[in-house]
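Peer 1: Take a look at the letters that make up each chain.
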Amino acid sequence: MSRPGFVLEVDDRTPPLLVHNGEGFLLERFPLGTRVVYPPEALPAVRDVEEAIQNALLHPLESEPLPELLRPGMRLTIAFDDISLPLPPMKKPDIRQRIIEAVLTMAADAGVDDVELISANALHRRLTPNELRDIVGERVFRSFFPDGKLYNFDAEDTANLTHLGQTKHGEDVEISKRAAESDLLVYVNVNLVAMDGGHKSTSIGLASYKSLKHHHNSHTMIHSRSFMDHKASKMHHSAWRMGAVLTEHVKVFQIETTLNNDIFGGPLEFLQKREWEWSIKDQASMLATKRGLDLAPAKMRHKIFTDVRANYGLTGIHAGSIEPVHEKTIENVHRQHLVEVQGQSDVAIMGVPFVGPYNVNSVMNPILAACMGLGYYFNSYRGNPIVRKDGAVILYHPVDYEFSQLHHPSYVDFFEEVLSESTDPATIEAKFEKQYAEDPWYIHLYRTSYAYHGVHPFYMWYWISHALDHCGDIVWVGANRKTVERMGFRSASTLQDALEMVSHSVGRSPSITYLHNPPHLLADVR
Amino acid sequence: MSLADQLAGKKVLVTGVTGFVGEALLHRILGDLPGTTVVAIIRPKGSMTGTARMAQMLKKDIFQPFYGEGTPYADADELTAARVEVVEGDLSDVPALPKDLDIVVHCAGDVSFDPPIHEAFTTNVLGTKSLLERIDESRDGTDRRIHYVHISTAYTAGRRRGAIPEASVEHTVDWRVEAEAGMAMKSRIEEASRSAAMLTKFRKESEKLHRRAGHLTAAADTERRRTEWVAKKLVETGTERARSLGWTDCYTFTKALGERVVEEFASKLPTSIVRPAIIESAVQSPHPGWIEGFKMAEPLILAYGRGELPEFPASPDSVVEIIPVDHVVGAICAVMATEPELSKPEYYHVSSGARNPLTFEQLYAGVRAYFSKHPFDLGERGAVRLPVWKFPGGDSVESMLRYGERAHKIADQIITHVPRGERTRKYARELDVQKRRIDFLRRYMDLYSEYAQAELQFIDDNVLALHNALEGDDREKFWCDTSIVDWQHYLQEVHCPSVTDSLRRLDVVRKKRNKALAETAGTLKKVQPSDDGSQIIAAFDMDGTLLSSNVIETYLWMRLLELDSHQRVGEIGSMLRKLPKLIAAERKDRGTFLRTIYRRYQGADLDELNRIVDEVLAEHVLERLSGAAVRRIREHKAAGHTTILITGAVRPLTRPLEPLFDEIVAAELAVDDRGRCTGFLSGPPLVGESRAAWIKHRARGTNIDLSKSYAYADSHSDLPMLTTVGNPVAVSPDVSLFRAARAARWQIVDWKTPATSSRLEIPGVNAR
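If you read the protein sequences in the order shown, they are chains A and B.
Sequence positions in the first sequence follow our numbering and run 1 to 526.
Sequence positions in the second sequence follow our numbering and run 1 to 768.
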């Protein structure tokens, strides 16, 4: 049986603790009394994945079994989560491949021949053929891709979008025409964290900018407390309303999976062990890795981390009607991630790792680093934020000036042109968003190349608006001063300096909490 | 009788009144000789007449006390009307002179030590001759007595040693023969420079550097080299002729011959020859430290103060014959009042060495002491470290310099051949600074080493006699006994503060400007939409400017995709073998180089190439685009400018960039009837001057305003294109373009290809 997460209080016997720091890590001694939140260990995985898939498809929640929904001559669309999940990417075979193969087998048995597979990438970049192959597997790829039946969703292809109506709040619901006109939409999801899944899958994954802007904006984001708790998240409320409209028009068969915390294997296994339990072998590989990374040129370091593939065990698979399925999913996710933390603290410390949803096979640029730390990790709570109102957040990441011109062309411009004018999400939204969203060059790149949509960096910035609003001080340790300053933050060379810098607002002996992730955790702050 | 009384009512013609001595003399006459009238020959300059130049001169500080309240004259004009008569004219063609002259002071002359030989003869010999003829003419055949005072130089003694008497220089050189030969040199050297052999040499040299930019650019440089060579030869010839006859340089040589001319006229005009030594700033009058422009020692003093003069080829014990300008002027005034006999010219050495010698070592110590107390403030680095001179002698300084020159040459060779980059450009800039210093040293050492090692002593008994004959307070006003000067005081309190003053003020300005420049370095000014309805274009080069790539690389991208792994190895191997040849071709002529590469496309299917670019290469091209470059292109588009991509790359490769540009000019691969590339282009590739021609042609007959247009490029071969527009920008330039851009003060930016892209990744082969 795996051990639950827990909160360690640093005393004089505590060894230096591991902190993720971009493409690398360091060992840090925290002040005495610091609370360190450890995620639960990986839950035991489902032994027979194939059997679990069959079971879910044949015994769905509040829905007919999948075979009964399939009939010859029907239009079947299978949508699946894109490359942003899971993080880091999964060792082959991908769980989506296994499910899709099972669904396709059933469809073939039922004589369905109009099948299309869509990567639900919304305004994310298109996946390359290789990336699609990694997700759906060689067999599916070869049968569907050459005929154009396996493709990326294109949110700017106005001819292939359908407006399904408005929610009672006046929110437009506009999604992929193919999905909207299908007799059955099967959505294959990977639920890594509590934020994903549910109505967020289709109503966001297959939606256009027109639809997305109703919840992806600074106002909604600031009131999503947090994204990881859909009942307290304004963004999710909006998605749920849209889901209601959507399901009136489209029959959706939702398949959600949950994964355990078995992220780092092989020589990197020490990354998911508790420091005082490191064996001689763990210590040796830690030292070797650290030395190696320190010596390796940046490009090699980047390659080492980009190539990390996680083991992941399946902790559950549920299929059927969206809401009951998602409830089960959340239960599983909580079982894996939830750690009870008593009370908020003055200072929260987080190490931003190399992984992020939008830099798979790419580089984590400063905006993505901010989003990872202040968007995802900061929001990784249920109840209350880990840090008190006007408290301080200290993050670790090099925040180098590094952008992929291929994947993030609008990010560079956002960084240079927008952030140099203002870092306030609402101001930015009012002044610049429309221009970037409608820019023909970005749209061209989004549609034909592998670029995130022009508006995407804005979403990243809205993503952190809750943290910006909530925190008094935000300091980065060991980061590039110029880039951090441009984003409106401050930079310190050591943790001690960072604590010194925030002492004017939190005092000389603040209470400190360090979130020891990844592996993922969800702080249940009481 | 005082000098003022002796010279009252006299009319004095002064030549070279706008020069250093002339101006001081004018000042003294206006101030201390109230009864004397000045006639000045002034050359019109630009749009200013001689009269206007005089008026402008009288507005200077030193003349202010002579008019206005408390003086007989209300303003400068009234003073001019009463005391100064301006004759417009030039000494190369002396105008008719007033008929009532009493004294002529000939101060005008070429003060440069290394003038081209014909110029030296024109001013110092022939000019003097025609002036004397005009003076003679002005007497209208009468025997009116006009005292001619000739300002020469003490160094007419040339390379003689020991005591130099105040007498005619002994030599047998015929000035007429020399003048004729010297004047003829100009056309002879000009002719020599136009010989086929010389022209070929110039052309080869410039083509080595500029062939890539095109024939016309190379031709312009060839002609520049030729004229430079002519100028250099004329100077060299002058110096060598002087030395072959025993003079230090062409200046002293022609000055000495000028004296011969004067001596010939001494039978008609009573003549005095004043020979000042090295004239420097004033001790007293007009005010202590007064100096106009830089004389002989100033560049050296300033260079020393800046720490840029590590050593000097002087003998520490040789005497530096410095003489303050007010002593010279005092002596001239005293000489004006004398009445020499016909055919018996009087000579006067205005020098210090005979009775108050200043050795080179003392001069060095004085200057050093001054800068130790008052160092230059050259920015953030604190006071300059002053070099310590050991006076090792001319030969070792010379070899030191020669070593430096050779080292610089080698370093320069290297820097122009290594791959470009920010660091290369930094080294190139440092090398250029070094080069400037070495050139400076070379020039001044060649010019002055003779003087710094001279061992002559000018006897100045005649001047001392003049001084002793001065009566009453004339001794204060027209002091010309140099023995009273305290050299250390003069150097440290008077001369150095005065000559460094303007530079110190300039340094403050420069510091501010440099700071501002450093802050805006590398940031381009925002582009503005056209405000007068004219059209603005922005032309961009592709390879090296927008993205890091080159035709060899992109060729491999396109071709390797079609080949299997064996063939790939073969293709890369064959490319590698040819690389040295290709690089050599590239340095010589880009057009030929491109044709060689494109020949290899033979047999490729053009549609297939297009498909490969769209499906595989587009991402590679886009990944390598510089973010700043794309922003700039889009900025131009947003401002309504016409964006144009001009590249020597093949058309298919530009496909990913199509949405960014209004027009794309690229190399078109010719195809046969089956759509296969023939290996030829359908037109010559657009490189070097053809780009400039294309842009000019594009603008002709339209409302495109090239002076407001922009061009962006990275290599020296794009120089012609950049010069056609009003706003050229050098992007991550190679060393040659970097130098050209700095010289022309163009904007230089560094557009980096994102570090995340890898040069070793070959699309579709080992890329993701």
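If you're looking for bench data, these hints aren't it; they were derived computationally from the structure.
Built from N, CA and C at the ideal position, the CB exists for glycine as well.
Take these hints with a grain of salt, some might be off.
Stated by the list, open to error - Derived lysine-lysine pairs resembling DSS-like cross-links, with alpha carbons at most 27 Å apart:
| hint | chain 1 | residue 1 | chain 2 | residue 2 |
| --- | --- | --- | --- | --- |
| 1 | A | LYS482 | B | LYS525 |
| 2 | B | LYS696 | B | LYS708 |
| 3 | B | LYS526 | A | LYS431 |
What the hints assert, rightly or not - Derived Cβ-Cβ restraints for the label pairs, each shown as a range:
| hint | chain 1 | residue 1 | chain 2 | residue 2 | range |
| --- | --- | --- | --- | --- | --- |
| 4 | B | LEU517 | A | LEU27 | 17 to 27 Å |
| 5 | A | ARG75 | B | HIS697 | 21 to 31 Å |
| 6 | B | VAL616 | A | ALA159 | 36 to 46 Å |
| 7 | B | VAL509 | A | LEU287 | 53 to 63 Å |
| 8 | B | SER565 | A | PRO297 | 24 to 34 Å |
| 9 | B | HIS697 | A | PRO297 | 28 to 38 Å |
Claimed, not checked - Covered, in the sense of this in silico footprint (three residues per stretch, anywhere, with C-beta under 8 Å from a C-beta of chain B), are these stretches of chain A:
| hint | segment |
| --- | --- |
| 10 | 143-151 |
| 11 | 278-291 |
| 12 | 398-405 |
Peer 1: Are the hints correct? Go through all of them and say.
Peer 2: Evaluated hints:
no.	hint	result
1	A:LYS482 with B:LYS525	holds (21 Å)
2	B:LYS696 with B:LYS708	holds (13 Å)
3	B:LYS526 with A:LYS431	holds (19 Å)
4	B:LEU517 with A:LEU27: 17 to 27 Å	violated (45 Å)
5	A:ARG75 with B:HIS697: 21 to 31 Å	violated (57 Å)
6	B:VAL616 with A:ALA159: 36 to 46 Å	violated (27 Å)
7	B:VAL509 with A:LEU287: 53 to 63 Å	holds (58 Å)
8	B:SER565 with A:PRO297: 24 to 34 Å	holds (27 Å)
9	B:HIS697 with A:PRO297: 28 to 38 Å	violated (48 Å)
10	143-151	violated (count 0)
11	278-291	violated (count 0)
12	398-405	holds (count 4)
In summary, the structure is inconsistent with hints 4, 5, 6, 9, 10, 11 from the numbered list given earlier, while agreeing with the others.
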